[in-house]
Amino acid sequence: MISLPDFKEKQLLFIRAERGVFNKIKFFNDNLVFMKDDKVINRASCHKVFGAFVIGDITITSGLMRDGVKHGVSFFFLKDNLETYASFGAVAEGHYLLRSRQYAWNEDVEMSMARLLMANKVSNQAKLLKERKKKDGMVADLDTTLLAIQGAGSDETLRGLEGNASRRFFEEYYGETGWVRRAPRTKGDIHNIMLDIGYSMLFNCTDSLLRLHGFDTYKGFYHKLFFQRKSLACDIMEPFRCIIDKQLLKAWNLKQIDPKDFTVVKGRYTLSYEASRKYAEIFMETIMCHKEDLYKYVHGYYRYVMNEGEVEFPVFNI
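With the working numbering applied, the sequence shown covers 1 to 318.
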């Protein structure tokens, strides 16, 4: 398991494979090396890399996979539109005691954790609105929702409260930027494709940290078991979605988002090949700023599970 002092020294790499050339990444002399047409373009010490996001077609070898696991480096392979299609990395699969406790959760325990998780998420949404000096009535509504969450008695009730709070948050927070609605994965406008990119990168980092601690990331407590869904990673990233929300609004206000970078095909927005790096770096910046917070939260959750409730459930305050 990686320690916080070690994690503080780690960085995330962004590797852009260029079209029309032979792209390759490999380990050499304890360095992660990026090459184009057999020419070294850049290198980074494997001891300082936590994860690498690779966009575009690239050549890898079994040696890269072996050394990646050895040095604790996770790799995420993305399409040109920044959708993750494959990944591999270091995991602590042998932590049977941790996983046995995951599998033994009953509905009451899961519901208790889910209420704490959603209260944290909605609380952070309220803080973002207060920062923007939004309507006091909207903030008061979220505060009322927090009370309702604490008393929620079923998954359906909790999901309804969360969904309603998020819908109203998005409408108020992005109202001045032409917000329409949140439609995950449909990419019906620039807002949605940008949020999908940011949330996807946050999800990958969260999943990697959970796996390094030894969790089965398919077994969640708020997001229930579903085929091929890493429900626990979906759970743990929830309080941190606010950092992506805040970064997107910042990008709008700084005019970093250029509508000309996007094209629309059958009502679906796509990001141009040339512009994809710029938008990935926008979200990479905020994830790196909060990487210690994310580690502390995951480690706090690990201690909560291993100590069977004797340690308080973690909280992230933006």
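These are computed hints drawn from the structure, not numbers from a lab. Backbone N, C-alpha and C fix where the C-beta goes; we use that ideal spot for every residue, glycine too. It is possible that part of the hints are untrue.
Derived CB-CB ranges, DEER-like [what the hints assert, rightly or not]: (1) Gly267 - Tyr96: 43 to 51 Å; (2) Asn317 - Leu225: 23 to 31 Å; (3) Asn106 - Glu18: 50 to 58 Å.
Going through the hints against the structure:
Take Gly267 and Tyr96: their Cβ atoms lie about 48 Å apart, and the range 43 to 51 Å holds. As the Cβ distance of Asn317 to Leu225 is approximately 30 Å, the hint placing it in 23 to 31 Å holds. Roughly 52 Å separates the CB atoms of Asn106 and Glu18, a value that falls within the hinted 50 to 58 Å.
Figure legend: structure checked against the earlier numbered hints; every hint is met.
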